[in-house]
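Peer 1: Spelled out from the first residue to the last, the chains are:
Protein chains: 4
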Amino acid sequence: MTVSPFDHPLLSGLLGDEEAARHFSVEADIAAMLSFERALAEAEAECGAIPCDAAAIVKALAAFRPDTAKLRAGVATDGVVVPELVRQIKAAVGVPHDAHVHFGATSQDVIDTSLVLRLGEAVEHVGLLLSENVVRLAGLEQDFEGRAMMAVTRMQPAIPIAVTDRIASWRAPLQRHQERLKELSGRLLVVQFGGAAGTLEKLGDKAAAVRAALAGKLGLADAPQWHNQRDALAEFAGWLSLVTGSLGKFGQDVALMAQAGTDIKLTGGGGSSTMPHKQNPVKAEALVALARFNAIQLSGMHQALVHEQERSGSAWTLEWLILPQMVVATAAALRLAAELAAQVESLGH
Amino acid sequence: MTVSPFDHPLLSGLLGDEEAARHFSVEADIAAMLSFERALAEAEAECGAIPCDAAAIVKALAAFRPDTAKLRAGVATDGVVVPELVRQIKAAVGVPHDAHVHFGATSQDVIDTSLVLRLGEAVEHVGLLLSENVVRLAGLEQDFEGRAMMAVTRMQPAIPIAVTDRIASWRAPLQRHQERLKELSGRLLVVQFGGAAGTLEKLGDKAAAVRAALAGKLGLADAPQWHNQRDALAEFAGWLSLVTGSLGKFGQDVALMAQAGTDIKLTGGGGSSTMPHKQNPVKAEALVALARFNAIQLSGMHQALVHEQERSGSAWTLEWLILPQMVVATAAALRLAAELAAQVESLGH
Amino acid sequence: MTVSPFDHPLLSGLLGDEEAARHFSVEADIAAMLSFERALAEAEAECGAIPCDAAAIVKALAAFRPDTAKLRAGVATDGVVVPELVRQIKAAVGVPHDAHVHFGATSQDVIDTSLVLRLGEAVEHVGLLLSENVVRLAGLEQDFEGRAMMAVTRMQPAIPIAVTDRIASWRAPLQRHQERLKELSGRLLVVQFGGAAGTLEKLGDKAAAVRAALAGKLGLADAPQWHNQRDALAEFAGWLSLVTGSLGKFGQDVALMAQAGTDIKLTGGGGSSTMPHKQNPVKAEALVALARFNAIQLSGMHQALVHEQERSGSAWTLEWLILPQMVVATAAALRLAAELAAQVESLGH
Amino acid sequence: MTVSPFDHPLLSGLLGDEEAARHFSVEADIAAMLSFERALAEAEAECGAIPCDAAAIVKALAAFRPDTAKLRAGVATDGVVVPELVRQIKAAVGVPHDAHVHFGATSQDVIDTSLVLRLGEAVEHVGLLLSENVVRLAGLEQDFEGRAMMAVTRMQPAIPIAVTDRIASWRAPLQRHQERLKELSGRLLVVQFGGAAGTLEKLGDKAAAVRAALAGKLGLADAPQWHNQRDALAEFAGWLSLVTGSLGKFGQDVALMAQAGTDIKLTGGGGSSTMPHKQNPVKAEALVALARFNAIQLSGMHQALVHEQERSGSAWTLEWLILPQMVVATAAALRLAAELAAQVESLGH
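Residue numbers (our numbering), protein chains in the order written: chain P, 1 to 349; chain F, 1 to 349; chain X, 1 to 349; chain H, 1 to 349.
Just chain P, with the same shape it has in the complex:
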């Protein structure tokens, strides 16, 4: 099933990004959830919150392979995969250590922390692609320094500018996005661990120590539960859409420059099934589409801020429908923009 182009065997060739999409596969999600359960068992054992050493749990998790048909049925019933996953893990661990699996945690801890772990990897990937774009655009500035082109304001020719003026207006926002990513990462890459209602009530006075140890083992920052405070995710979604928006401007400019074919020369444009003479600015158009797509999705991540009480099934589910696609859209746009920059043979006169 391939309802989304990001998952589509053919369309993802243009619109997808394999490396980013990989972090949202079932395999990656389950692996991250098992990392959570392993780190939790270790942290709780170290802090004396569970009476055993964690080795038995860790060993069983290493060999664990889920029954995905049952996981799917579990989601259909429970709305989340964790209750069934924990049942399977406990069965794999066996008596008596099974009682110490997932101790004090709840579904949302596992799912949100798994998400953050994978977002951490996605952030790294996207950050690298962003740097590559900055470098490529700076390269274009060097390549075409000294050339001029006609500025266009309100779709009308205005006055001549340097080609580097235009390119700088593509590059400068990307550098501000690098700055923004640094600022928000500290708020985003934070462990979620709160138990049934955010109070870690089963861990008593060991709660803070366990959470800190858990965060440390997972390479995440430690902070109180944020299960019903989704601002860091919405902020990150905003950042993703800022990036695709800036790249959409780049794509729109390239498509407009390519109309008459004199301001820009591109290698390798797209073909037509009827008009062999055409060189369509396919990647440029895709950048515009992905920018508008993320701008639309962003609205949903902000709707999900109205996350009622201690856990909102509906707002949380809405995030799942949106955020992974925004990440992949952004990675795809960055990949396409870098490729498009590499296709530029000539700019200006």
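In case anyone wonders, no lab produced these hints; they're calculated from the structure.
Certain hints may be false.
No distinction is drawn between identical chains; accordingly, a pair holds when it is met within one copy or between any pair of copies.
To be verified - Keeping only pairs whose Cα atoms sit at most 25 Å apart, straight-line, the calculated SDA-like set for lysine to any residue is:
#1 Lys202 with Ala162
#2 Lys206 with Glu141
#3 Lys202 with Arg147
#4 Lys206 with Ala162
#5 Lys182 with Ala223
#6 Lys182 with Gly127
#7 Lys182 with Arg171
#8 Lys278 with Thr199
#9 Lys70 with Glu339
#10 Lys90 with Arg38
#11 Lys202 with Gly146
#12 Lys206 with Ala148
#13 Lys278 with Ala99
#14 Lys206 with Met149
#15 Lys206 with Ile159
#16 Lys202 with Met149
#17 Lys265 with Thr77
#18 Lys278 with Gly261
#19 Lys202 with Gln279
#20 Lys278 with Asp263
On the provided structure of chain P, position chains F, X and H as indicated by the hints.
Peer 2: The following block gives chains F, X and H in isolation, referenced to the frame of chain P:
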């Protein structure tokens, strides 16, 4: 890769709909595109627009199996799958009939008509699910006639009403949606056939006859090209979101009624990984999430109305990113709503 | 205060429409609410639902002038203007007839019916503007019949088409919008009358007769309450955005044609404060802006479908923030499009 | 004309904020534009970019009163107010100094810098309201420390938590928003000065010095032109929506707590025109409506990132339709939230 929950092996157990998603698989898309090419060859042969009989093309199409790796690469280059697909078909048909494959058509004809063919099937599926919901809600009205409940206005208890008053406010919009679907179907299920720029310039005075014959063979209405007029698709997207919006109200009401547990009794709510006593109204919450999801996506289908000139690569691509998901979200919501109605054991007092 | 350009003394010169905006003034709203109360008193008197004849109420309403400062304070406290308005009306009517003012009705009846009454006038205005646009575009088709221009697909020159092909792609959607408006008007222009929770409980067996009489006096269709079923409003909002979307395509095309200045000649473009040679396609750009604006707002009208229980304070308020602006944006776009069509001096070659 | 509730004489009593709206009045806009022209004349005189001293211009500006009817007509023609405003200013200044008014600047410089000047004041106002909310919520934590309430997860009672746990989940995001505001302010409150196409071509080697002096006089940061890089505005819009989203969660929680009336007691809820016993949580509902409103609008500010070439008439106009409303919605939500917190008489048990 499973970026979208609609494609996700686990999450689609709750949020997906297999029958609807099937129409957006690569297989279904290619099959519909081949139907287009077959019907086109037949129509053109009958009308004398191509000099051969179409049997050779039809036979080759029946046996044709695409090289999907090359199709994927074609999308990456051309932005659409059709140029590479037509190359492969022509190779399969061979000299001399290959010259008459795809004659006078362009990529958008194939892709848009393939979409409409599959939307036709999706409309039927969704229409049946809608009827099922109307029947089930009418059944609840019968089952709980004579019972009363407290109306709630602005989140505060108001005055007693009949349980059937509440149920009727769930059912009545669905019946209006049935009426709307009839009205819009005639505008939606229309062949797209215009050639390179909408004028069918290669078919000369046979253009109208070929288009009519093509439409007839495909079971679609015949009308002039609409390749740069996307109102019927945006209208349909609006209908999908009206449906999920009405079901979201149903879901929100059920979740609110289930809070105290006295107004409604449901069988089979979702379990929690920490609180075995809980019965979460999972399907009701999912209805709210899907309603908000479609409300967000709808904005994108209307952005795509700004479809510049004779063909907009960016606006068209934006549709691909959105419409299939809206269809599946709607089918999933209808399935969930029918299941939720079936879970109602008791309503009112 | 002029937060919205639609209300702004300067910006509304471009982006507003006085006739449409007039229906959303306080004066128009209060006048429509008083019409409701007057028609209600008459209907209830005729049906014997109130013991008096209605003349005293009608007379007092004719002379009634509200204390708007108190109305404003009432909105701040009650979230709706009606409780304070009814208090003022009752005081104006005086003992003993005051007891029969607003009998059996609730705030939402007054506000929603007032809205529908004014939407009815707006629909007429917008419908006329739509017809004018169809006529003007048909006029352009006549004026420039026989001329050719280069089709542009994916932002690249394709093959020559007739100028009338391009114009027809602007006109045809508008004619479908005329058809759609007819279909939806019957669902939109419906009285809302349900009382506290939709059951007209105070009117006993006279409820249906009173509602029918009330609808008749107001020139609206009669149907059961729809106070928590907002599909007709969301459908209408969708129609508004279809219209502006189609006009946005027209605007985008004109702006693109005006770039090189050879495909189209316009009289009276906008000036620049620095570049006296420029003729900016201001109206064309505004059409694109209004199309994107309505596409965004539409999402909100669909979010408001999740209208919980018998009355949702939050979803209802959300409609108020959005729908009037969508109506005015549409009227402004239609006005601008007609003006833009009239500015066309030359099209094609 | 009062199309938007933020401008509406009655509805702004609930949904508006006078102090925030004041910054978007015509008067405030014109005053800020005149400040720009005055500071520009002074900066250019000091740097020797204009041959006169600036006193004559400054004096004329101090006495200048625009002809607003002509400004309105100018907007209708030019799409921006500046060309006509500059004509009027030049006439007021008179020969020979009129030649040095607005020297080297363009419309967008005036409008964008005027916006930023007023956003600076709005940021201060909103920042104060945000602090007030943090203080009030911290006050509630003190007032109700030691009390318990039932946590609710997925709309179902979960386990008891401290009342302070719930309040902290309202307060903590607001404190993160304070941190975010500091980070983004430096990117937002920046002078825009680029001339016709961003290159300040008329100022030659004095360009940088004039821009720095201009920024200094206006109390803004100095940076190269950002007229076609709208990321700082979109980022700020995202921040506004983060704030209203967090307050929407607060409002939704209060409305849900108020249902049964035992978890929370509020003074001064809203009345009903039919049910005198009701105490509607009007401010809480308005917070939800404003959160959803801003979440919707945010999509538009991100669409406007696709700001083609050196100046986009359509994307820029789209910002005007959206950003002021988002600012006022945020200020209104902050005001309402502080009032709502002050209405809390009792929380928990």
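Peer 1: Please go over all the hints and tell whether each is borne out by the structure.
Peer 2: Going through the hints against the structure:
With identical chains, the CA atoms of Lys202 and Ala162 are at most 25 Å apart between copies only, with a shortest distance of 15 Å across copies and 65 Å within one. In this homomeric assembly, Lys206 and Glu141 come within 25 Å of each other (Cα to Cα) only across copies, at 24 Å, whereas the closest approach inside a single copy is 57 Å. When the C-alpha separation of Lys202 and Arg147 is checked against a cutoff of 25 Å, the pair qualifies only between copies, where the shortest distance is 19 Å, while the shortest distance within a copy is 68 Å. Taking CA atoms no more than 25 Å apart as the test, Lys206 paired with Ala162 passes between copies only; the shortest distance there is 18 Å, against 63 Å inside one copy.
Proximity of Lys182 to Ala223 under the C-alpha cut-off of 25 Å is found in both arrangements, the shortest distances being 18 Å within a copy and 21 Å between copies. Both within a single protomer and between protomers do Lys182 and Gly127 lie at most 25 Å apart by alpha-carbon distance, with minima of 10 Å and 23 Å respectively. Taking identical chains as interchangeable, the C-alpha atoms of Lys182 and Arg171 lie at most 25 Å apart whether they share a chain (17 Å) or sit on different chains (24 Å). Proximity of Lys278 and Thr199 under a CA criterion of 25 Å is satisfied inter-copy only: 18 Å between copies versus 63 Å inside one chain copy.
Within a single copy, Lys70 and Glu339 get their C-alpha atoms only as close as 42 Å, which misses the 25 Å cut-off; across copies the closest is 19 Å, which meets it. In this homomeric assembly, Lys90 and Arg38 come within 25 Å of each other (Cα to Cα) only inside a single copy, at 12 Å, whereas the closest approach across copies is 56 Å. Only between protomers do Lys202 and Gly146 lie at most 25 Å apart by alpha-carbon distance; the minimum there is 19 Å, versus 68 Å within a single protomer. For the homomeric pair Lys206 and Ala148, the shortest alpha-carbon distance between copies (21 Å) is at most 25 Å, but the shortest distance inside one copy (66 Å) is not.
Taking the shortest Cα distances, Lys278 and Ala99 sit within 25 Å of each other only across copies (20 Å), while inside one copy they are farther apart (66 Å). For a Cα distance limit of 25 Å, the shortest separation of Lys206 from Met149 across copies, 23 Å, qualifies, whereas the shortest one inside one copy, 66 Å, does not. Within a single copy, Lys206 and Ile159 get their C-alpha atoms only as close as 68 Å, which misses the 25 Å cut-off; across copies the closest is 19 Å, which meets it. Proximity of Lys202 and Met149 under a CA criterion of 25 Å is satisfied inter-copy only: 17 Å between copies versus 67 Å inside one chain copy.
In the homo-oligomer, the alpha carbons of Lys265 and Thr77 lie at most 25 Å apart only across protomers (16 Å), although the nearest pairing inside one protomer, at 56 Å, exceeds that limit. In this homomeric assembly, Lys278 and Gly261 come within 25 Å of each other (Cα to Cα) both inside a single copy, at 11 Å, and across copies, at 23 Å. Only between protomers do Lys202 and Gln279 lie at most 25 Å apart by alpha-carbon distance; the minimum there is 21 Å, versus 64 Å within a single protomer. For the homomeric pair Lys278 and Asp263, the shortest alpha-carbon distances inside one copy (17 Å) and between copies (20 Å) are both at most 25 Å.
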